[in-house]
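Quick note, the sequences are listed as chains V and U, same order.
Numbers 0 to 370, taken from numbering that gives the first Met the number 0, label the letters of the first sequence in order.
Numbers 0 to 356, taken from numbering that gives the first Met the number 0, label the letters of the second sequence in order.
If you're looking for bench data, these hints aren't it; they were derived computationally from the structure.
We treat Cβ as the ideally placed atom computed from N, Cα and C, and that holds for glycine.
Warning: the hint list may mix true and false statements.
[Unchecked claim] Calculated lysine-lysine pairs in the DSSO-like style (CA-CA distance at most 27 Å, straight line):
(1) U:K297 to V:K48
(2) V:K2 to U:K297
(3) V:K10 to U:K269
(4) U:K335 to V:K2
(5) U:K335 to V:K10
(6) U:K335 to V:K48
(7) V:K48 to U:K300
(8) U:K300 to V:K10
(9) V:K48 to U:K269
(10) V:K10 to V:K178
(11) V:K178 to U:K100
(12) U:K297 to V:K10
(13) V:K313 to U:K100
(14) V:K313 to U:K300
(15) V:K313 to U:K297
(16) U:K269 to U:K327
[Unchecked claim] Which bits of chain U does chain V cover? Going by a derived footprint, with three or more residues having C-beta under 8 Å, they are:
(17) 34-48
(18) 108-122
(19) 296-305
[Said to hold, decoys possible] Chain V is faced by these chain U residues, among others (derived, beta-carbon under 7 Å):
(20) S101
(21) P103
(22) E160
(23) E179
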Amino acid sequence: MLKVAIVGCGKIADDHAAQIQRIEGCEIVGVCDREPLMARQLYERFPVKQHFSDLRELLCDAKPDVVHITTPPESHSDIARLCLDWGSHVYVEKPFTLCEDDARTLIALATEKGLKITAGHDDQFRHAARRMRALVQSGFLGSGPVHMESYYCYELGQTAYARAILADREHWVWRLPGKLLQNIISHGIARIAEFLSGDSLEVVAYGFTSPALKRMGGSEIIDELRVIICEQERTTAYFTFSSQMRPALHQFRIYGDRNGLILDQDQETLIKLRGKRYVSYAEKFIPPVSFARQYLGNLATNARSFLARDFHMKSGMKYLIESFYRSILEGAPDPIPHSQILLTTRIMDAIFAQLDAQQQSVESRVQASVY
Amino acid sequence: MGQTERDAFIIGSDELILVTGASGFIGSRLVSCLLNLGFLNLRCFVRPSSEVTRVEVLTGCRRDGARVELVEGNLLSREDCNAATKDVAIIYHLAAGRGEKSYPDAFLNSVVTTRNLLEASIRDQCLRQFVNVSSFAVYTNTKKPRWRVLDESCPVEKHPELRGDAYSFAKVKQDEIVAEYARKFGIPCVTVRPGHVYGPGNEPITGRVGIGTFGVFLHLAGSNAIPFTYVDNCAEAIALVGLTKGTDGEVFNVVDDDLPSSRNFLRLYKQQVRRFRSIYVPHSLSYVLCYLWEQYAKWSKGQLPPTFNRLRWHANWRKTRYSNEKLKMRVGWKPKVPMAEGFKRYFEACRNGVRDA
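Take these sequences, add in the hints, and give me the full structure.
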């Protein structure tokens, strides 16, 4: 029986506990939160053996094989290091760390100790995302990806949440280098990183505050981001984060030199784009029929998964956790290669560095115009 | 306020009263009510994220000789709690996580905040009453001592985690922690449990009437009485419970008189606010549907969240009568705004809301 612990008993810890209890051959031996009441509420609602408010006590008393770290991002690095030092494998929620250096240190420590470590990029393991990966690996795109587009939107329409962050300067979001973006964009960036090697990478980022957020007094938070990523003048990618565009897409498009694919995370659909054109008017009539057929196929697949009780909202998380546990118990490959985790953090570092520079240049321009 | 009434209160008009959640739907009315009762020294604790208009209403409440101090802060901060409770004689604790769908968020904003406030209140030793504002959502509505009547003697949900409702879970836990601190540290506490508080500022139709989740409004309560209390009446009840002598350790439910049936309410709402399609689901059928949903959620290991279940059915849609006898007898409360007048104001606000939408 694999002994699992969860550190950090906030909202996302509920998802972890719910998915872990669906996996056979493991048990939650302890949950821990600096706030004892939070640890207790999780303990009371899930089959958990013990609750703690001190991480060292958890590691010492419960002796977990695996620790899931679901605390605010700024503490990921220190907690993961301590868990690795105590000999536990570590699953770190996204964003993995605050910068690439921290990520590199953690991965090196895990490797040195012969322990497993992974990042919570669970969206990449949803049903449609797995079908997409299989198609890409089978050579559906051709010789490899030429261009990608990743949309990862976030509805700030729930103004109470936005107002709460804006008003509370003590909220941990403010302490992140990339602020709100850092906590959200890693899923969308990780999708791109999966299909890049990381050599000679160029990143161009442009961010701004939407008028809607400005009206709420949030001019220090960037909620609109456009990024161009280019690798060796061979593969390119666009990344879009928006709080305002509708529909608020969570979509990934990947094009090779032969065919393309569109993955829609919200609808859990995967659509194949045929590279070749039909002759003359046939191009106007056959593709719509083909798309209709594909959407029906997706509908049938989703319905089958639902009827088989395998269509949970967090199905990707369950699959990732299971794969991670398999890598621990059976020596299976890491579900997310370390190089991908590092590349995701590297791209995010580059984005935030450029946004910082932009912000400073805007501030200096404002100052110059004042004088 | 006459001298006789003042004599029945546990504090004098100059003593300091803290109201948490003061810019909220009930909180702002409570502040106004306390000022009307002649209390001159109020501290209003509001979140920095509070809506500006409601905060302005509070500052506008200042009367001649009265001091309304506005304190911005977060009850998750112990420093803010210490500052808020300093020299306070009565705490009206209304701040809570409302509308939270996640259990940890609801718990954090209701239970951890309450614990912080209770601990801060111990420091000063001048607290005379801690008024814990709870909710009808804590009652199980099963195995009641008096079959169809829900009153203060009714049991509280034993397993709120199975209700599928983060708010009721947090409120049950909040009541537990208040009771624990009262027992351990001798903090004088009284609990107030309002029914559904309605009025301008809280426009949505309560889930006790039915649900609109599935595109068409499912009317589930039928001929059940809905435990309405108009916001001003509720605020006055909370104020009186906190002030009246001899309420320490007690629980008071707040509902108005002349409660309408769900069917009557829905008919009036459709006539006076907007027309929409609703389907009446008989009680036996809604019970079976809740049962099936509950079983499916269990069988599928949460593929559908256990939002609908028998515990929720009992709490919200089971045929029930409500009593406000204790409140009337012990603190002399009477609903000043009759149901007809309350509905008139509420429907007007709803109509304006619909027009503004």
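Taking the hints in turn, this is what the structure says about them:
The hinted pair formed by K297 of chain U and K48 of chain V meets the criterion: a straight-line CA distance of about 21 Å does not exceed 27 Å. Proximity of K2 of chain V to K297 of chain U is assessed by CA-CA distance (about 24 Å); at most 27 Å being required, the pair is judged to hold. This hinted pair does not check out: K10 of chain V and K269 of chain U have alpha carbons roughly 38 Å apart, beyond 27 Å. For the given pair, K335 of chain U sits about 60 Å from K2 of chain V by alpha-carbon distance, which is inconsistent with the 27 Å threshold.
Restraint check for K335 of chain U and K10 of chain V: the C-alpha separation of about 42 Å exceeds 27 Å, so the hint is violated. Restraint check for K335 of chain U and K48 of chain V: not satisfied, since their Cα atoms lie roughly 52 Å apart, outside the 27 Å limit. Pair hint K48 of chain V plus K300 of chain U holds up; C-alpha atoms about 20 Å apart against a cutoff of 27 Å. Taking the CA atoms of K300 of chain U and K10 of chain V, the gap is about 19 Å. The hint holds against a cut of 27 Å.
For the hint linking K48 of chain V to K269 of chain U, the alpha-carbon distance of about 51 Å lies beyond 27 Å, and the restraint is violated. Simply put, K10 of chain V and K178 of chain V have alpha-carbon atoms about 19 Å apart, close enough for the 27 Å limit, and the pair holds. Taking the CA atoms of K178 of chain V and K100 of chain U, the gap is near 24 Å; set against the 27 Å cutoff, the hint holds. Distance hint between K297 of chain U and K10 of chain V is fulfilled; the C-alpha atoms sit about 21 Å from each other, no more than 27 Å.
Of the pairs offered as hints, the one joining K313 of chain V and K100 of chain U holds, with about 16 Å between alpha carbons and a cut-off of 27 Å not exceeded. At roughly 12 Å between alpha-carbon atoms, K313 of chain V and K300 of chain U fall within 27 Å of each other, so this suggested pair holds. Under the criterion of a C-alpha separation no larger than 27 Å, the hint pairing K313 of chain V with K297 of chain U is consistent with the structure, at around 16 Å. The hinted pair formed by K269 of chain U and K327 of chain U fails the criterion: a straight-line CA distance of about 32 Å is larger than 27 Å.
Check result for the region 34-48 of chain U against chain V: holds, 3 residues qualifying (beta carbon to beta carbon below 8 Å, three or more required). Figure legend: the region 108-122 of chain U, annotated as covered by chain V; annotation consistent (3 residues with Cβ-Cβ distances under 8 Å, at least 3 required). Counting residues of the region 296-305 of chain U whose CB lies closer than 8 Å to any CB of chain V gives 5, which reaches the minimum of 3, so the coverage claim holds. Against a cut-off of 7 Å between C-beta atoms, the interface hint on S101 of chain U holds, since the closest Cβ of chain V lies about 5 Å away.
Hint status for P103 of chain U relative to chain V: holds, with the closest Cβ pair at about 5 Å, below 7 Å. Against a cut-off of 7 Å between C-beta atoms, the interface hint on E160 of chain U holds, since the closest Cβ of chain V lies about 4 Å away. Hint status for E179 of chain U relative to chain V: violated, with the closest Cβ pair at about 11 Å, above 7 Å.
Of the numbered hints given earlier, the model fails hints 3, 4, 5, 6, 9, 16 and 23; all others are met.
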